[in-house]
Amino acid sequence: MEEIQRMTNQEPQSQLTIELISDIDQKIHSTGPFLRDLRGIYTLWLRDVIRLWRDRIRLVGSFIQPLLFLFVLGGGLRGRVVPQGSGTNYQIFIFPGIVLMSILFTSSFAGMAVVWDREMGFLKEVLVAPISRTAVVVGKILGGASNSLIQGIFLLALAPFLKIYPSFGQIFFMLGVMLIVSLSQTAMGIALSARMSSSQGFMVLMNFIVLPIYFLSGAMFPLNQLPTWLSVLSQMDPLTYGVDLMRGILLGTFYYSVYRDIFIIMFFGLLMLYISVRQFQKD
Amino acid sequence: MIHVSDLRKEYIQKGQKITAVNSISFDVQKGEFFSLLGPNGAGKTTTISILSTILSPTSGNVLINGIDVRKDPHGIRQHIGVIFQDPSLDDRLSAQENMDFHGRLYGMSPVDRLRRSELLLKMVDLWDRRSSLIRTFSGGMKRRLEIARGLMHRPLLLILDEPTIGLDPKSRRDIWHYIHEARREWSMTILLTTHYLEEADGADRVAIMSKGKIVALDHPANLKASLGPSLVTIEFPPESLESLKTTLNMLYGISRFSLESESLLRFPMPVNVSSPAVFLQSLPPVLTGFSIGTATLDDVFISLTGDDGSIDNR
Numbered sequence: 001m002e003e004i005q006r007m008t009n010q011e012p013q014s015q016l017t018i019e020l021i022s023d024i025d026q027k028i029h030s031t032g033p034f035l036r037d038l039r040g041i042y043t044l045w046l047r048d049v050i051r052l053w054r055d056r057i058r059l060v061g062s063f064i065q066p067l068l069f070l071f072v073l074g075g076g077l078r079g080r081v082v083p084q085g086s087g088t089n090y091q092i093f094i095f096p097g098i099v100l101m102s103i104l105f106t107s108s109f110a111g112m113a114v115v116w117d118r119e120m121g122f123l124k125e126v127l128v129a130p131i132s133r134t135a136v137v138v139g140k141i142l143g144g145a146s147n148s149l150i151q152g153i154f155l156l157a158l159a160p161f162l163k164i165y166p167s168f169g170q171i172f173f174m175l176g177v178m179l180i181v182s183l184s185q186t187a188m189g190i191a192l193s194a195r196m197s198s199s200q201g202f203m204v205l206m207n208f209i210v211l212p213i214y215f216l217s218g219a220m221f222p223l224n225q226l227p228t229w230l231s232v233l234s235q236m237d238p239l240t241y242g243v244d245l246m247r248g249i250l251l252g253t254f255y256y257s258v259y260r261d262i263f264i265i266m267f268f269g270l271l272m273l274y275i276s277v278r279q280f281q282k283d
Numbered sequence: 284m285i286h287v288s289d290l291r292k293e294y295i296q297k298g299q300k301i302t303a304v305n306s307i308s309f310d311v312q313k314g315e316f317f318s319l320l321g322p323n324g325a326g327k328t329t330t331i332s333i334l335s336t337i338l339s340p341t342s343g344n345v346l347i348n349g350i351d352v353r354k355d356p357h358g359i360r361q362h363i364g365v366i367f368q369d370p371s372l373d374d375r376l377s378a379q380e381n382m383d384f385h386g387r388l389y390g391m392s393p394v395d396r397l398r399r400s401e402l403l404l405k406m407v408d409l410w411d412r413r414s415s416l417i418r419t420f421s422g423g424m425k426r427r428l429e430i431a432r433g434l435m436h437r438p439l440l441l442i443l444d445e446p447t448i449g450l451d452p453k454s455r456r457d458i459w460h461y462i463h464e465a466r467r468e469w470s471m472t473i474l475l476t477t478h479y480l481e482e483a484d485g486a487d488r489v490a491i492m493s494k495g496k497i498v499a500l501d502h503p504a505n506l507k508a509s510l511g512p513s514l515v516t517i518e519f520p521p522e523s524l525e526s527l528k529t530t531l532n533m534l535y536g537i538s539r540f541s542l543e544s545e546s547l548l549r550f551p552m553p554v555n556v557s558s559p560a561v562f563l564q565s566l567p568p569v570l571t572g573f574s575i576g577t578a579t580l581d582d583v584f585i586s587l588t589g590d591d592g593s594i595d596n597r
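Quick note, the sequences are listed as chains S and B, same order.
Numbering-wise (the working numbering), the first sequence opens with residue 1 and increments by one.
Numbering-wise (the working numbering), the second sequence opens with residue 284 and increments by one.
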């Protein structure tokens, strides 16, 4: 935004520069498809970031839900519920899950943005531009994931209020998990948006998918001694392994093995990326 | 510039095969202004969707600037500008930002983007509103901005799908003014779809589409000339319709009318009458109105597609 502002204030160009521009133009137009796509990805990402910045009210509003969970539900149950085997209180126990919850909800919103783009017609402008469908999808995923990663980081910064003081190492690894979860959940949202033309329809679909993913992930309860049906469903939920990693890094106790967690969230992310690219290629 | 041969596009809708475009062929020269004219559902939008690489053809060949749309769609997109029937702007961004994003997507340098957007925003009279968000713009302003944006990357081919639909006459005139101005600047080829017949009138050549086929393709003047030098319109009380038709058929062999209602007939002036006065005298004295005019594209259109003239949005 500032860049554009700064550019508009420049002086008009002389005739000489105009000649130079057409030279530069030739060079740019003759760059390969790879660079063209990289530029397209950057452009789409930039647009999402500008729009997020412009929509600061939405940004602030989206913190309300995780904060309610963390301080009202977490605060209320803090002294009453003791998660078995975690060696900590309930509020701290759910904290890693709350961070991923905000990432999950914001990420799936990226799919909504694609549906809006389609409703508004802007998607057509992107689809006739000289960049590949893969670049369009990757650009949208990076834009949406940046969005949700920023949210996650803001929530993570609340840790000191809960008397959690993670080390730099812990923060580093948690950011890694948050990045992978942001990317894979955004990719999922975008894959689902490929065939949707109405935002209402998409909203209903997301409720069917996002809420179960969240509730089954063990973000709000420990995974041991669950009824069998719940345990089975929870193991099928990719977010379970992200929550387990986050909690393990922060509190030191993993329910599954670290390698299994990492493998599953990486695999799910790549699968979703593949599906979303494929979905848009068919369009 | 454009080479289309034997192009077909089929859809499957509710288990039924629908042929939207049925084996059409045409060529457009570089710098030409070519227009596709036809009622809704004639296959115009499908045709240009294929040309702008949004849809892929079922069969047939489409070359743009010598490039096959199936082989290198990205290579083609660099050279075409598309102005869609429906708005395609980001309404949360400003006019300048929409222009800038377009420039970025087409790989323009920062200086070039700036220079071009200033030039074009001034051309469409939106320079003063360059920092306003699109959601505050009127329909006409949005359309003007889309024209400017479509011209941003100096396309060799500009595709316009019903560009002036729903606009007031002044905005329509302005938009055509901008397009022609841009055309003078560099030899841009224009492909227009429209159902405003007077807009197609300005084209170098017009292809009239009906039910997925091209039913006529020629210069607008030639299309009009094919209907004869002039058209006669007569008005009369409804009860005289049959007797007038009989007389016209007996005296001049006229049995097809380019416009017909219970109190109005329009047909080409017979070539074997010496003057309109003579012709008028030969008809029964029941007429309440009589006029002679040159054929319009409307008349051509109606005589070719058999449409009753109720092409919508007119």
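Hints may contain errors.
The calculated label-pair distances, taken between Cβ atoms and stated as ranges, are [to be verified]:
{"id": "1", "chain 1": "S", "residue 1": "Arg54", "chain 2": "B", "residue 2": "Phe309", "range": "38 to 46 Å"}
{"id": "2", "chain 1": "B", "residue 1": "Trp459", "chain 2": "S", "residue 2": "Met203", "range": "51 to 59 Å"}
{"id": "3", "chain 1": "B", "residue 1": "His460", "chain 2": "S", "residue 2": "Pro212", "range": "55 to 63 Å"}
{"id": "4", "chain 1": "S", "residue 1": "Pro212", "chain 2": "B", "residue 2": "Glu481", "range": "52 to 60 Å"}
{"id": "5", "chain 1": "B", "residue 1": "Ser342", "chain 2": "S", "residue 2": "Gln281", "range": "39 to 47 Å"}
{"id": "6", "chain 1": "B", "residue 1": "Lys354", "chain 2": "S", "residue 2": "Val258", "range": "41 to 49 Å"}
{"id": "7", "chain 1": "B", "residue 1": "Ser414", "chain 2": "S", "residue 2": "Leu226", "range": "54 to 62 Å"}
{"id": "8", "chain 1": "B", "residue 1": "Lys354", "chain 2": "S", "residue 2": "Phe168", "range": "21 to 29 Å"}
Calculated pairs, EDC-like style, for lysine to aspartate or glutamate (alpha carbon to alpha carbon, straight line, at most 20 Å) [to be verified]:
{"id": "9", "chain 1": "S", "residue 1": "Lys124", "chain 2": "B", "residue 2": "Asp374"}
{"id": "10", "chain 1": "B", "residue 1": "Lys313", "chain 2": "B", "residue 2": "Asp374"}
{"id": "11", "chain 1": "B", "residue 1": "Lys425", "chain 2": "S", "residue 2": "Asp237"}
Quick caveat, the hints were computed from the structure, so don't treat them as lab data.
Don't be surprised by glycine CBs; every beta carbon is placed ideally from N, CA and C.
| task | State, for the Cβ atoms of Lys354 (chain B) and Val258 (chain S), whether the hinted interval 41 to 49 Å holds or is violated. | result | holds, 47 Å
| said: Holds or violated: the 52 to 60 Å window for the beta-carbon distance between Pro212 (chain S) and Glu481 (chain B)? | reply: holds, 58 Å
| field | Consistency of beta-carbon spacing, Leu226 (chain S) to Ser414 (chain B), with hint 54 to 62 Å | value | Holds - the Cβ-Cβ distance for Ser414 (chain B) and Leu226 (chain S), about 56 Å, lies within 54 to 62 Å.
| field | Ser342 (chain B) versus Gln281 (chain S) beta-carbon gap, inside 39 to 47 Å or not | value | Cβ of Ser342 (chain B) to Cβ of Gln281 (chain S): about 21 Å, so the range 39 to 47 Å is violated.
| Has the hinted range 51 to 59 Å been met by the Cβ atoms of Trp459 (chain B) and Met203 (chain S)? | violated, 42 Å
| request: For the range 38 to 46 Å, tell me whether the beta carbons of Arg54 (chain S) and Phe309 (chain B) fit it or not. | output: Holds, at about 45 Å.
| Measuring from beta carbon to beta carbon, are His460 (chain B) and Pro212 (chain S) in 55 to 63 Å? | Taking Cβ atoms as reference, His460 (chain B) and Pro212 (chain S) lie about 57 Å apart, which means the hint holds.
| Hint consistency between Lys124 (chain S) and Asp374 (chain B) [alpha-carbon to alpha-carbon, up to 20 Å] | Since the Cα atoms of Lys124 (chain S) and Asp374 (chain B) sit roughly 14 Å apart, the hinted pair holds (cutoff 20 Å).
| request: For the range 21 to 29 Å, tell me whether the beta carbons of Lys354 (chain B) and Phe168 (chain S) fit it or not. | output: Between Lys354 (chain B) and Phe168 (chain S), where Cβ atoms are some 52 Å apart, the hint is violated.
| request: Below or equal to 20 Å on CA atoms is what counts here, so check Lys425 (chain B) against Asp237 (chain S). | output: Not OK: Lys425 (chain B) and Asp237 (chain S) at ~45 Å, beyond 20 Å, violated.
| field | Lys313 (chain B) paired with Asp374 (chain B) [C-alpha distance capped at 20 Å] | value | This hinted pair is violated, its Cα atoms lying about 34 Å apart.
In this structure, the earlier hints numbered 2, 5, 8, 10, 11 are contradicted, and the remaining ones agree with it.
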